[in-house]
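Undergrad: Chains as they are written, first to last, in this note's numbering: chain X, 1 to 552; chain U, 1001 to 1552.
No lab work stands behind these hints, which were simulated from the structure alone. Hints may be right or wrong, so weigh each one.
For each label pair, taking beta carbons as the anchor points, the in silico distance ranges come out as [said to hold, decoys possible]:
1) Val391(X) with Asn1249(U): 56 to 64 Å
2) Leu1182(U) with Ala434(X): 55 to 63 Å
3) Ala91(X) with Asn1107(U): 52 to 60 Å
4) Ala91(X) with Asn1249(U): 54 to 62 Å
5) Ala36(X) with Thr1181(U): 25 to 33 Å
6) His1458(U) with His165(X): 56 to 64 Å
7) Asn1012(U) with His436(X): 48 to 56 Å
8) Asn1249(U) with His436(X): 56 to 64 Å
9) His165(X) with Ala1372(U): 26 to 34 Å
10) Thr1269(U) with Ala354(X): 57 to 65 Å
Using 30 Å as the maximum straight-line C-alpha spacing, the simulated DSSO-like pairs for lysine-lysine come out as follows [claimed, not checked]:
11) Lys1487(U) with Lys298(X)
12) Lys1441(U) with Lys298(X)
13) Lys175(X) with Lys1378(U)
14) Lys1298(U) with Lys487(X)
15) Lys175(X) with Lys1005(U)
16) Lys1230(U) with Lys1120(U)
17) Lys1230(U) with Lys175(X)
18) Lys31(X) with Lys5(X)
19) Lys1316(U) with Lys1485(U)
20) Lys179(X) with Lys1005(U)
21) Lys1179(U) with Lys31(X)
22) Lys316(X) with Lys1179(U)
23) Lys1175(U) with Lys487(X)
24) Lys1316(U) with Lys175(X)
Just so it is clear, the structure is predicted and the values come from calculations on it, not from any experiment. No residue lacks a Cβ here, since even glycine has one placed at the ideal position from N, Cα and C.
There are 2 protein chains.
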Amino acid sequence: MLATKHQNTIDNAVKANHERRFYSQYPEHPKAYGEAAAASGMTSYQQLLNQPFDRLLQTGSNERVGEEVSPYTLENLGITYPSFTVEELVAQAGAAGRQWANTPVSNRADILVETLERVKGLFFEIAYATMHTTGQSFMMSFQASGPHANDRALEAIAMGYEELHRFPAEQRWEKPMGKVTLQLQKTFKAVPRGIGLVIGCSTFPVWNSLPGIYADLVTGNPVIVKPHPKAVLPIALVISAIQQVLHENGFDPHLCQLAADSSAQPLTTALCEHPRITLIDYTGGSSFGDYVESLRGKTVFTEKAGVNSVILDSVKDVDAVVQNLAFAVCLYSGQMCTAPQNFFIPEQGIATAAGNLGFNETAQQIRDAIAALVNNPKMGAGTLGAVQNDVTLQRAQDAARLGGKVLLQGGPVPNEEFSKARMCSPTVLEVTSADHNIYEKELFGPVILLVKTKNTAHSIQLARQMAEQHGAITCAAYTTDPVVKEKIAEEMNSVFTPVSFNFTGLIWVNQHAAFSDFHVTGGNPAGNASFTNQEFIVKRFVWVGNREVVSD
Amino acid sequence: MLATKHQNTIDNAVKANHERRFYSQYPEHPKAYGEAAAASGMTSYQQLLNQPFDRLLQTGSNERVGEEVSPYTLENLGITYPSFTVEELVAQAGAAGRQWANTPVSNRADILVETLERVKGLFFEIAYATMHTTGQSFMMSFQASGPHANDRALEAIAMGYEELHRFPAEQRWEKPMGKVTLQLQKTFKAVPRGIGLVIGCSTFPVWNSLPGIYADLVTGNPVIVKPHPKAVLPIALVISAIQQVLHENGFDPHLCQLAADSSAQPLTTALCEHPRITLIDYTGGSSFGDYVESLRGKTVFTEKAGVNSVILDSVKDVDAVVQNLAFAVCLYSGQMCTAPQNFFIPEQGIATAAGNLGFNETAQQIRDAIAALVNNPKMGAGTLGAVQNDVTLQRAQDAARLGGKVLLQGGPVPNEEFSKARMCSPTVLEVTSADHNIYEKELFGPVILLVKTKNTAHSIQLARQMAEQHGAITCAAYTTDPVVKEKIAEEMNSVFTPVSFNFTGLIWVNQHAAFSDFHVTGGNPAGNASFTNQEFIVKRFVWVGNREVVSD
C-alpha cells in the first residue's frame, strides 16, 4: 500500500478546488517534460501501429476489434484491442469492486494520484495517439489529453477525497434524558453506488472521459470505459497505466476496464441497460444523450450538444477582439464543445473606441480575421488541426446550403506536414434574426453564423433563448458598458450559462481551466453534469449510518 | 434586514451537521416552553375550528377548500383554506423569486432561522392541529411537528448555508505565461434551479415537508407547498409564520405558498407537470412517487414506501428486546415509515443469555409484549394514537385475511379521552419464508409478520432482498455475535439500508435524530433522497462562473 505518498498533492488540490485560483499540478508546456520525451514518445507511438495493443491487464478475450483512421494520413492505424461481452465486463467489474469499496478513501485517492503520475510518463505517446484519432494539432493533443486531462482528474479525486471525509467514520451519540444519558455508537459509511460506465467521444477521448473515470474510482465504484470506436488508443494508453498501478498495489486491474467495440457491433446500449450498471457518464450527441438521461434507475452525467453564442455590443479595440474570436473559431476547426457558433451583432453595428462600426463592417472584420488566420502559413494548418470524420467534413463543405449570405466559403487548406489531411477552413454565413431554423441547431465543425439583430437587448434575448431551449456551454460577450454587462450576466446566468467578457490576447472562450472553471454547468440542455462540482461526486455514493446501543 | 442575528445558531448547526453528535436547537419536551404554553395553544387551536383560516398572506383567492376530519372525534374540523389555480401559484412564486435569488445566502439563512423561531411560538397549536389531522398522540404530535421538525429544518438551512459558501463570490485568476501573466477576474454564483414544489403526506404533514421547504428556500428557490387535503392545518400554521417573517423583512410572502386543494379536485399532477416547477419533494405512496420520479426535466426528491425488517439472531435479555420491539410496533399504530414490519426469526429460534428460545416461544414473547402494551391502561391508547384514515383501518382490521397464522388479532382499543377514536391494535401474523406474496409488500398500519426462516443467514438474505427490491428505511437487528453483526451490516448497507443494532430501553428503531441520522438513504426503492445529505442541497442550485479579462 502506498499509504500517503501523495498526501501533499491531494491537500493542495483540495485547497485549489475551494479557492479556484490558477492551479495546475501538470505543466501544460511539452518542454516541462524533458528534452528527450517528445522523440521517445513518437517512437513509442509508432511501435504501437499495426499491432495488437498488448498493454492491458484484462484477461479472457479471444476477439479483437480496431478501426481507427488518422485524420492526418487517412490511413488505418492497424491497432486492435481485445473485446469482451457485456456480461464479461460487468462480472469482472463486480468481482473487482468489493475490495476497492472497502479500501479507505485516503488509500484510494493516493493510488489514483499514482496512476496520474504513471500517465504523465505517457503524455507524448497519448498526444500522438490523440492527434491521429481526433485530428487535433499536436499541441492541443498534448495539452488536452495530457496535463489538462490529468489536472481535471486530480480535481475529481480531490473533490471525492474531501466529500468522503465529510462525516466521521465513528461517532458517539449521547442524548441527555433527565437522569440518564442515552448512548449510541454510530458509524457512517459512504457506500459506492455500483458499477460505472464512461462513454467517450471521438474528439476528446481523454479529456472528456477522465473526470468520470476518476470520480467513479475515488468514490469506490469500478468503471468500464467505452470509447468511441474511432478514438480508442489515447484512452487505452491511460487505462493501461491505471491497470498497472492497481495491479502493483494489490488491486484487481479490472476495476478500470476498456470496453472496445466496433461501429458494426456497438456495445453501448447493452452496457447502458445492464441492471448492474448504475452510473453512466456520457459525452456525445444529444439524441443518444437524451436516451441515456431517460434510463430509469441510473445516475447519469451528460455532456451533449449546445449552441454557443457571442454577443457583440461595444469594444475598446476591435482588432484585438476579432483576432481573438478568429482564433476561437479556427481552433480545432470548431470541433470543441466550447467553440462559438452564433455571433449576435446589432443591425446598427457596435461601438468602438474609434467610433461606431456598422454591421457590415463588423462582419467584414470578423471574416477578414478568420481568412487571415487560415491563410497565415505559420498559423493556419496548426490552429485548424484536421476534421475528425467525413460527416463533419461534409457538413462543413456544404454549409453554404444552410441559407443566408456566404461571407466566407470554407475549403481545403494546405498542410505541409500531412498532404492528405482532412481539412476544411471555416465558412462564415450572415443570417437574420428570423432565420431560427438555421441558427438554433449545433453546427458541429468549422461553420459560424453572424446573426443581425435589432439591438443588443435583442441579441441577449436570442442568446438566452438558444441556451434555454438548445443548451449552451459557453457565451462570449463584448461590452464596455457596465449596465449591459450586468444585464448579459444576469440573463445568461439565469439559463445556467457562464459568460466570458471581453476576451482578447492569449485567452479564448473555448478554454476551461481545471480547479477554477466549471465545465458545463449542468443546468441547461447542453448537459446535466459539471466538471467538477459537488454534484458530480456526491451522486456516486450513498451515506449509510448504523447505530448500536452502548452496553454498560 | 436581520443581518446576522442568528449567526451563532447557524454556525453551531453547521458544526453539528459535520460532527453528527447529539445536537438539538429546539428542546423536545413540552415543559421547556413554559407552563402556560400548553393551555394557550389549546385555546388558539380551538379558535381556529369552524372558521376560514385567515393567517396567510396569500392574496387573490375567491375560493376556499377544507375537508379535514379528526381521527379522534371523527368530526370535520370545519376549517377552510384559500385555494388558487396552478397558474396563479406559479406566477406568484416566479415573481417573488427574483429578489430572493439575489439575496446573499447569509441573509436568507438568517431570515429562515427567524421563521423557525416564529414557528416555535406555535408549537402547541401545531401539535393539536397535527393530533387532530394525523391521529398521532399529543406527545408525538408535539415532538414530530414541533422541535424535531424545526431541528431538521435547521439542519437543511445549515447544509445550504455551508454549500453555498463553498466557493468564493469573486476570485482573481493569474496564469503565468512566460514573461507575461494572464489575469482574469472570475465570479461564482449559485443560481437557484427554479420553483420548488413540496408534496406532503397525511401522517407527517410537517416533519416530512420542512426539510424540502427549507432546502428550497435557503438555496434561493421559491416553494409551493401542496399538503394532503386531509392534513392541511399543521403546515398552514408553519407557512403562516414563514410568510409573516418574510413580509416583515421586506420579502414577498409568496416565496412560500400554501396550495390547498381537495380530494375531488386535486392540483398535484398539474403542479408537477408545470414547466416552471423544476424541483419536487414528495412524501407518500410508491405509485405516485414512481410517477414523480419519471418526470423529465425535474429534479426530484422522494420518500416512498418500504418494507422494514427486524433480524433476530441472539439477544442478552429477551424481555428488554421484546418490550422495545412491541413499543416500536405500537407507536402511532405502525403508521411511521420507519416502523418495523417483517420479523425474520430462525426456525430453531434465537440464542439468549438464558439459553436457546425456540421459534414458537420467541413469537409468543413478541405477541405477549404487544398485547401487554396495548392492554396497559396507562400506555396503550397513548402509544397507539389513532389511525389516520379508514383505508388503513380497514386494511388493519382485515389483516387476518392476508394468510398465515393469526397470533394476535387486532381490534378496538378503549380510549378514555376520545370515545370515538379510530383505533385498531396491531395484528401479528406468523408466515413462512415461502410466503413472499404476503411479506414483500408494505402493510402500512398496525400489522406485523413473523417470518420463519432456515437460519440467520437466510434471514439476512431475505431482509436484504426486500430492501433491494421493495425498499427499506430502517432495519433492526439483534445479535450478540460480532461476526453476524458484521455480516448484517455489510449486506444491509450494500443495499443502502441502515441498521440499528440491539436497541433496548428508551430508543427505538423508528426514531431518526436530526444532525446525526440520515433519514432514508436515497439508495433503495424506499426513496431517492435523504434528510439531509449534500445531495439533498446541491441538486437545488447550479454553480455558474463568469470571467473577464483584467484590463491594465
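Undergrad: Is the gap between the beta carbons of Ala91(X) and Asn1107(U) within 52 to 60 Å?
TA: 54 Å, holds
Undergrad: Sort out whether Lys175(X) lies within 30 Å of Lys1230(U), counting only the CA atoms.
TA: Between Lys1230(U) and Lys175(X) the Cα gap is close to 34 Å, so the pair fails against 30 Å, i.e. violated.
Undergrad: Can the suggested window of 54 to 62 Å be confirmed for the beta-carbon pair Ala91(X) and Asn1249(U)?
TA: Given range 54 to 62 Å: holds, Cβ gap about 59 Å.
Undergrad: Hinted pair, alpha-carbon criterion (30 Å max): Lys179(X), Lys1005(U). Please report holds or violated.
TA: 34 Å, violated
Undergrad: Given the hinted pair Lys1316(U) and Lys1485(U), is their Cα-Cα distance within 30 Å?
TA: Holds, at roughly 14 Å.
Undergrad: Does the beta carbon distance between Val391(X) and Asn1249(U) stay inside 56 to 64 Å, or does it fall outside?
TA: 57 Å, holds
Undergrad: So if I understand the rule, the pair passes when the alpha-carbon distance is 30 Å or less; does Lys1441(U) with Lys298(X) pass?
TA: Answer holds: Lys1441(U) to Lys298(X) is near 24 Å, not above 30 Å.
Undergrad: Between Lys1316(U) and Lys175(X), is the straight-line Cα distance small enough, at 30 Å or below?
TA: Within the cut-off at roughly 23 Å; holds.
Undergrad: Check the hint pairing Lys316(X) with Lys1179(U) against an upper bound of 30 Å on the C-alpha distance.
TA: Between Lys316(X) and Lys1179(U) the Cα gap is close to 24 Å, so the pair holds against 30 Å.
Undergrad: For the hint 48 to 56 Å, verify it against the beta carbon of Asn1012(U) and that of His436(X).
TA: 54 Å, holds
Undergrad: In this structure, is the beta-carbon distance linking Thr1269(U) and Ala354(X) contained in 57 to 65 Å?
TA: For Thr1269(U) and Ala354(X) the Cβ distance comes to about 59 Å; the hint holds.
Undergrad: Can you tell me whether the CB distance of Asn1249(U) to His436(X) sits inside 56 to 64 Å?
TA: With Cβ atoms ~43 Å apart, the hint is violated.
Checked against the numbered hints listed earlier, the structure breaks hints 2, 6, 8, 9, 17 and 20; every other hint is satisfied.
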